[in-house]
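> Below are the chains, spelled out letter by letter.
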Amino acid sequence: MTSRWPLRRYTAASQLPPVPFGTSGTGAKASWRTLTPVILLEKCTRCNQCWKFCPDVAIDFDREGWPVIQHEWCKGCGICAAVCVPGAIALEREG
Amino acid sequence: MVLVPISGNAAQAYAARLARVAVVAAYPITPQTSIIEKIEEYLNDGTMKAQYLHVESEHSAMAACIAASAAGVRTYTASSSQGVALMHELLHWASGARAPVVMGVVNRAMAMPWSVWTDHADTISQRDTGWMQFYAASNQEVLDTVIMAFRLAEEPEVLLPAMVMEDAFYLSHTVEAVELPGQDAVDAFLPPFVNPWRLDVERPGHLGGLMGPDLYMEHRYNTARGMERALALLPELEEEFRRRFGRDLGGPLNLYRTEGADAVLVAMGTIASTAKDVVDRMREEGHAVGLAQLRVFRPFPVEELRELARDAARIGVVDRSFTYGAAGAAFTEVCGALYHAPVRPWVKGFIAGVGGRDVTPAAIEGMFRSLLEERGPEVEWVDLRKYAHATEVNVRG
Amino acid sequence: MARLTIPREEWMKPGHLACPGCAATLAMRYLLKGLGPRTIVAIPACCWAVMSGPFPGSALKVPMIDCAFETTGATVSGLRAALDEQGTPDVTVVGFAGDGGTVDIGLQALSGMLERRTDAIYVMYDNEAYMNTGVQRSGATPYGAWTTTTLGGKPERKKDIMAIVLAHDVPYAATVSVAFPEDFVRKVQRARDVRGPRFFHVLTPCPPGWRYPSERTVELARLAVDTKVFPLYEVDGGTWKISRMPPKGRSVREYLDAQGRFRHLTDEDVVRIQEDVDTRWEDLVARATPPS
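Residue numbers (our numbering), protein chains in the order written: chain A, 1 to 95; chain B, 96 to 492; chain C, 493 to 784.
Chain A with its partners taken away, still in its complex shape:
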């Protein structure tokens, strides 16, 4: 899966900007996870608390407002599951 914000790689001094000025992305963080959040849509009320409290900007909405976990970025911290009022997020062990 290609990252929307890949980390740019430099391989020679001549490629480097003279000033240490970086504009690239930071690379995917999926490999950090040990637990993965799974949205239980049947319990979800679309209250958007999970989106609001995600420290990794790893939750987005689909067109109807259902939350979608961005697995490329999610670190599995579990905050979304903890703040979910109806308990609609389960944390599962990574395969």
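Be a bit skeptical, because a hint or two may be false.
Here are the computed lysine-lysine pairs in the DSSO-like style, where the Cα-Cα straight-line distance is at most 30 Å [claimed, not checked]:
hint: 1; chain 1: C; residue 1: LYS553; chain 2: A; residue 2: LYS52
hint: 2; chain 1: C; residue 1: LYS740; chain 2: A; residue 2: LYS52
hint: 3; chain 1: C; residue 1: LYS733; chain 2: A; residue 2: LYS52
hint: 4; chain 1: A; residue 1: LYS52; chain 2: C; residue 2: LYS505
hint: 5; chain 1: C; residue 1: LYS525; chain 2: A; residue 2: LYS52
hint: 6; chain 1: B; residue 1: LYS481; chain 2: B; residue 2: LYS371
hint: 7; chain 1: C; residue 1: LYS553; chain 2: C; residue 2: LYS525
hint: 8; chain 1: C; residue 1: LYS650; chain 2: C; residue 2: LYS740
hint: 9; chain 1: C; residue 1: LYS733; chain 2: C; residue 2: LYS651
hint: 10; chain 1: C; residue 1: LYS525; chain 2: A; residue 2: LYS43
hint: 11; chain 1: C; residue 1: LYS505; chain 2: A; residue 2: LYS43
Bear in mind the hints are in silico, worked out from the structure with no lab data behind them.
Assemble the complex: chain A is given as a structure, and chains B and C must be docked to it using the hints.
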């Protein structure tokens, strides 16, 4: 041609004004204070337009200058001795950030013990920080070199900060006749500063993020290349300066009567200007002596020194500081430059004028004589009052 | 979908290098939601200096400069001066520094920035120790907390940064919390309209440093407010306003028990902490108006 009598500090301030600096962040320290006071006068009477930040330390002064430069404007500050030392970590920061800040430094001895008199230890101590370093020997040179420093620092292939030195009190507080360039001529020589890497909400980026071992060395290499380019560009910029302002700055190693010299003294700052008079007098007496004023310490003019070595049979190097190494810093660097020279002269190092001790024409003549006679030791402390034991310190002097 | 109570747009990218469950990232996220894209952020040595990179990456969609540890206040003054000279007064300058970089090594530069009335926002995100270097105590570490340099619990109390800032007569200062994003964003938007130096103190719970599981970050931030350890208030033009009245009868013990760094506290310690919290709360209530 209009000559005005101004001090070295006033020359610094006037140059900063002519350069149209946009931000000045500075903290008072003797003997720099009249630089910032003069700038405040200019801001107050409207002859200069800039933001002046009354920072609460020199460390903050340099931080503010780096930030302002990163945001894309021309910046200036000035300091001395302890203030320069306090900035030390940020001097590294500025050169690594490739921020073309210009700083005037009034060379003053480092504490302990406390001193306000002239000595180069403050800036010699900073020779490793990636700043270009210029030592002026007259107030005219102070003014001209500050303007040149901005131009050189902002060259896209250079992009390095620069410090312009003047000896405390001998230049800072002594009035000399200086020709003031016109604003138009300076504007033509020094176009507005455009920083292609500036912090800009239209083109966001991250300046200074953690750089790993896979890239840091390359960044340092590129910065080193910038320093090399400065030396390569200097002749053409000085030629342009000469055309516009009618003055020859003399290159990184300004040679005075060194043709066919039996002994040449290499010196920085006012020791060099005094030495020129001694050269004239000794030449009249039939001694073939000459003076090489080391104007640019960083980047260090290796080729120019090797060229000098072809002609001069004996070279003495005066350090107005002592850096606890094998010898004085300038002497060590000259020896380093000459080690691989096709022709290697007889060399000697002098430690003189430390802590503001006056370097008299007689002392300089003594240095020339010791060179002509090839008299050791390899490093000689000039005019030192030797005390065998503390109880012999004679307060009467 | 329920109506969004904070702005939708993100000015922080995903993929920063923060620990899972880091509150400091929530703080930055809410700050930038309140300020928008015409913002430049200065970050000294702190966790965020690492999270934001490494080179050539940038975790933010707004320009950012790394500055030396002591220098946030001075850097912010330099940025503001440059922007004013360039004629872009509408760009907000922000200094975003940790507790150590503010109350200890950065205090001088902060004081200078405030005294100079620099038109900028300074945010101190407070995880109550030098977390980036591995959990050493700072001047903001609270009484009794374990850190690697206070193994038996810190004997001194926490520096009161809000009192220090307010002693400089600033036009706006406030405490904000990652557990109350609406209040956070509202205050940021209010501050954006104020001219002069503005200050935010945000308590940012830290899973590895405070010793608790990462999913409880928002809960802990809320507990800090509701047990009155970290009251939410603002001082706007000299007027003190409490932002949230905590529910009655919540003991600090709830807050302390949730964190491993307080595990060794004795009952006397807890009493002392409760007394301290109560005294400070009473002082606040005496000088502030309750929320409307």
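> Confirm or reject each hint.
For each hint, the structure was consulted:
no. : hint                : verdict
1   : C/LYS553 x A/LYS52  : 18 Å, holds
2   : C/LYS740 x A/LYS52  : 27 Å, holds
3   : C/LYS733 x A/LYS52  : 25 Å, holds
4   : A/LYS52 x C/LYS505  : 14 Å, holds
5   : C/LYS525 x A/LYS52  : 11 Å, holds
6   : B/LYS481 x B/LYS371 : 28 Å, holds
7   : C/LYS553 x C/LYS525 : 11 Å, holds
8   : C/LYS650 x C/LYS740 : 24 Å, holds
9   : C/LYS733 x C/LYS651 : 22 Å, holds
10  : C/LYS525 x A/LYS43  : 29 Å, holds
11  : C/LYS505 x A/LYS43  : 29 Å, holds
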